[in-house]
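Chain A is already provided as a structure; the job is to place chain B on it using the hints.
Number of protein chains: 2
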Amino acid sequence: MFSCEILRIGHRPERDKRVTTHVALTARAFGARRIYISNPDSRVIKSVQEVIDKFGGDFEILPTDNPKEIVKKSGSKVIHLTMFGLPFDDKCEEIKNLGEDILLIVGAEKVPPWVFELADYNIAVGNQPHSEIAALAIAMNNLHPISYNLDFSGRLSVIPSATHRNMMDLAKD
Amino acid sequence: MFSCEILRIGHRPERDKRVTTHVALTARAFGARRIYISNPDSRVIKSVQEVIDKFGGDFEILPTDNPKEIVKKSGSKVIHLTMFGLPFDDKCEEIKNLGEDILLIVGAEKVPPWVFELADYNIAVGNQPHSEIAALAIAMNNLHPISYNLDFSGRLSVIPSATHRNMMDLAKD
Chain A
0 MFSCEILRIG
10 HRPERDKRVT
20 THVALTARAF
30 GARRIYISNP
40 DSRVIKSVQE
50 VIDKFGGDFE
60 ILPTDNPKEI
70 VKKSGSKVIH
80 LTMFGLPFDD
90 KCEEIKNLGE
100 DILLIVGAEK
110 VPPWVFELAD
120 YNIAVGNQPH
130 SEIAALAIAM
140 NNLHPISYNL
150 DFSGRLSVIP
160 SATHRNMMDL
170 AKD
Chain B
0 MFSCEILRIG
10 HRPERDKRVT
20 THVALTARAF
30 GARRIYISNP
40 DSRVIKSVQE
50 VIDKFGGDFE
60 ILPTDNPKEI
70 VKKSGSKVIH
80 LTMFGLPFDD
90 KCEEIKNLGE
100 DILLIVGAEK
110 VPPWVFELAD
120 YNIAVGNQPH
130 SEIAALAIAM
140 NNLHPISYNL
150 DFSGRLSVIP
160 SATHRNMMDL
170 AKD
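Chains as they are written, first to last, in numbering that gives the first Met the number 0: chain A, 0 to 172; chain B, 0 to 172.
So that you can see chain A by itself, here it is in the shape it has in the complex:
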């Protein structure tokens, strides 16, 4: 079974609060088991933890003040998502065929040079500027066979509907 961790670097407090929250929730929904966030606002941790508590799963969100050490001590293949990298489509099969666990690095605006140097792969989901959230979703969706259709068996769950908002709450029903 594919195991994937995410490292979010370059988070700027306040400014990146919501984007980093989206990165973490995407990581969870698409099947990562853990995200490390360098110097996060406490509100980011709190709001992601609330989603985990309500919607289930054993996804972990962990702050770090030493992202470089996370990379160096990781036994996984290190894949840095960057618009400057080689085309993801050219490398996706190669990465899958490694059969190894993956540490995906997701940067904010500027990424320090050590990230490029320590990564096993510097990979681009397109070479246009867009969003690390979009890149993460595409990468995980292609690397992970189940991806966004995972079942989390949480207290809250959505009842899919063609027409309206509908949720089941095990604490109430």
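Careful: at least some of the hints might be erroneous.
Covered stretches of chain A, going by a simulated chain B footprint (3 or more residues, C-beta under 8 angstroms) [unchecked claim]:
| id | segment |
| --- | --- |
| 1 | 27 to 34 |
| 2 | 84 to 90 |
| 3 | 114 to 126 |
| 4 | 140 to 153 |
| 5 | 156 to 169 |
It should be emphasised that the hints constitute simulated quantities derived from the structure, not laboratory data.
Everything numeric in this text was worked out from a predicted model, so none of it was measured.
Every residue gets a Cβ at the ideal spot worked out from N, C-alpha and C, and that includes glycine.
Below, chain B alone, put in the same frame as chain A:
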């Protein structure tokens, strides 16, 4: 040729500034031709316009104070991306086979009921809470055959690299 427009609703000034910017940049990079944003901060428009000016393409970003009218007057199939909708994977082929232009609606946290009512499809990229940016990327990547590998022929372009940041600037080189 597939033609896709995006409508971003529920944008909350200041709070959603960066997320909405990511929505717009993802729309552009994945091949949409236009995004409408309800009541955007002027900074969102400005920063997306700067990317268009530098990196090319004829993507348009337009503010609107009447998103409902945009939907009503659109001749396209209206697809609302929502975690409460039917599974995207079950509807993707059906939507592609329509061969029609598409208006994708991307909401922020709470979406008014009229969006569900006016949409031809309410579709979920997974029923977990994650990110409208991730949902947009997955939807466009599946609906659009070229998606994030589009060529924009802009002044600035990335030279893909396995090891470092490298850009070509036609104004300098």
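### Outcome, coverage hint (the segment 156 to 169 of chain A, chain B; C-beta under 8 angstroms; three residues)
Per the Cβ count (10), the hint holds.
#### Entry: Annotated coverage of the segment 27 to 34 of chain A by chain B, confirmed only when three residues or more have a Cβ within 8 angstroms
holds (count 3)
### Query
With a Cβ-Cβ cutoff of 8 angstroms, does the segment 140 to 153 of chain A contain at least three residues near chain B?
Contact hint for the segment 140 to 153 of chain A vs chain B: holds, 6 residues under 8 angstroms.
### Task
Establish whether the coverage given for the segment 84 to 90 of chain A by chain B is satisfied; the threshold is a Cβ-Cβ distance below 8 angstroms, and no fewer than three residues must meet it.
holds (count 4)
### Message
Please verify the coverage claim for the segment 114 to 126 of chain A: does it have three or more residues whose C-beta sits within 8 angstroms of some C-beta in chain B?
### Response
With 8 residues closer than 8 angstroms to chain B, the segment 114 to 126 of chain A meets the three-residue bar; holds.
Hint compliance for this structure: no hint is broken.
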